[in-house]
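My numbering puts the first residue of the sequence shown at 43, with every later residue one more than the last.
Because the hints were derived from the structure by calculation, they are not lab data.
A hint or two may mislead.
[Said to hold, decoys possible] Subject to a maximum C-alpha distance of 20 Å in a straight line, what follows is the list of computed SDA-like cross-link-like pairs (lysine to any residue):
#1 K103 / A230
#2 K542 / D558
#3 K103 / W131
[Said to hold, decoys possible] Pair by pair, the computed Cβ-Cβ distance ranges are:
#4 Q473 / T527: 21 to 31 Å
#5 A386 / L304: 17 to 27 Å
#6 T527 / A144: 55 to 65 Å
#7 E543 / Q473: 26 to 36 Å
Yeah, the Cβ is synthetic: ideal placement off N, Cα and C, and Gly gets one too.
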Amino acid sequence: MRRKSARSRAIVDTGLARKGYRFINVDDGWALRRLPDGRIRIRDSMFPSAAVRPSETGSFKPFTDYIHSLGLKAGLYTDIGRNTCAQIWDADSPNLPVGTIAERQVGSFGHAAQDIRTMFADWRFDYVKIDACGVADYTSAAAPVKADQYQAFAPMIVRGNIPASDAGAVEKLYATLGDAVRRWGGDAAVLSICAWGEALSPLWGHRRGNLWRTSPDIEFTWQSMLGNIDSMVDGALYAGPGHWNDPDMLAIGHGDFDAHHLVEARSHFTMWAIMASPLLLGYDLRTAAPALLDIVGNPEVIAIDQDPAGNQGVPYRTGETMVVVRTLAGTGARAAALFNRGNAPVEARVTWQQLGFAPGRRAAVRDVWARRDREDATDTITAKLPAHGAVLLRVRGTPADPNAALLDEMPARMNIAVDGLSPATALPMGQFPARIGSAPDGSPLTANGRRLANGIGLFANSRIEVRSDGQFRRFFATPLVLSGTQPVRFRIYADRTLVKEIAADRSAEARSIEADVEGARVVELVAVGAPGDRGRPAMVGWGDAGFRR
């Protein structure tokens, strides 16, 4: 176990463990074969400690005991299908399972309860990453299947094709595994869903796991990183404490993000932090350059990523410039990332309207990469960004209305319980049916010819649950019908009691409404309309929506 121990120990020796990096995760390649009784034999040539306790399978318990002795937690890999990703995508790997076709079926399909019990109850893992290649890539047309190397599996996931995939069946498999994880691992156990944003997984992931991939595997290029950002940056309404959008691991240390590309590495880390992404390192820390350790170990950036309010940042786009604003715990506390996606220098700005601050009032500004305070600012903060550059700021100012809390500022409190769509009418991958500050198609929220700065856009026949926790007296909004010709009924419930209802359509003047929600634990926002074009309901909005204290 010496090599694995040294790698695990490095996270302690570099000081990263003290800064919050807690998990040591083992990816694909650990399983040697599945035995006739369903148990899996560990590849003890890779994990020699597994042979310390002689048995047919070996045991990971010495490995996890060591990880736990360091004050860390341990994670393992499996797949929801019969076979894993490496078996179909990395045919030349020396770490593939061996034996007959049946013995090489080391995925969890048909063995979910048995495998999870072994991983959590016997081997004492704390985390499991569950891939989905086994239900996507072992089609009868796949060359290794045609060559009788693997058993065919009718695909539940057709990559890039939501209507052709069976999202319900995929969710059901993850639900079964999630139930087993909670049973054998307890409430602290972590389930990482790795379906790459397919099969609507970003929309149901919060019901089944703790984090879910929104994108294909990250590659070590700038363009790949941008694609992974785009796969989740509009998904703030689908994440919060205990359930997170996951754009994949950090590519820092590799390719366009190595020690020769510190600007790009810093921007990469900036965007993962502002989006409240899980921070997973995939780099050998024993050989890490100090400059890279300074980036991934910056305590102020980590604190923004781990902010207890759990709000994912909300994006604003202008050409190649992206500004992402995140509401932090504490009155008037914000983080703002100013990010240059392009290849030429730009000047970027974040405004008081985007930050939700009162115009004309001063705000304190902290540059968390420079680790110094900037001069107080009023109304706008600007920064000159090099190509691929980013600035990350922590800002504290005066809220525009101290007695109000906008829905834009509390995405972690919201659950999109029903989005009004079906697999047949779902938006393409990477496009979320409910968004902050715009309609689902990215168009602005408008009322009576005026663009609204705030609000939630989604589809009719939807229901939003807002955890209000008895903290507010009144709910206010301007109901909007953004497409279609039929009226939509907007209903507000306080702890399941209807407290307000209004009909609206595109031809009538939009009207602001208020509802009494005093003492309510949950406020529900329901929009009911007729089917629209292509089977989708009308796009609607809860404009300028929020609560009064």
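Verification of the hints:
1. Under the criterion of a C-alpha separation no larger than 20 Å, the hint pairing K103 with A230 is consistent with the structure, at around 18 Å.
2. Of the supplied pair hints, the one linking K542 and D558 holds, its CA atoms being roughly 8 Å apart against a limit of 20 Å.
3. For the given pair, K103 sits about 29 Å from W131 by alpha-carbon distance, which is inconsistent with the 20 Å threshold.
4. Separated by about 24 Å at the C-beta atoms, Q473 and T527 satisfy the suggested range of 21 to 31 Å.
5. About 19 Å separates the C-beta atoms of A386 and L304, a value consistent with the hinted range of 17 to 27 Å.
6. Between T527 and A144 the C-beta distance comes to about 58 Å, which sits within the given range of 55 to 65 Å.
7. One distance hint, 26 to 36 Å for the beta-carbon pair E543 and Q473, holds here, with the actual separation near 30 Å.
The structure is inconsistent with hint 3 alone, although it conforms to all the rest.
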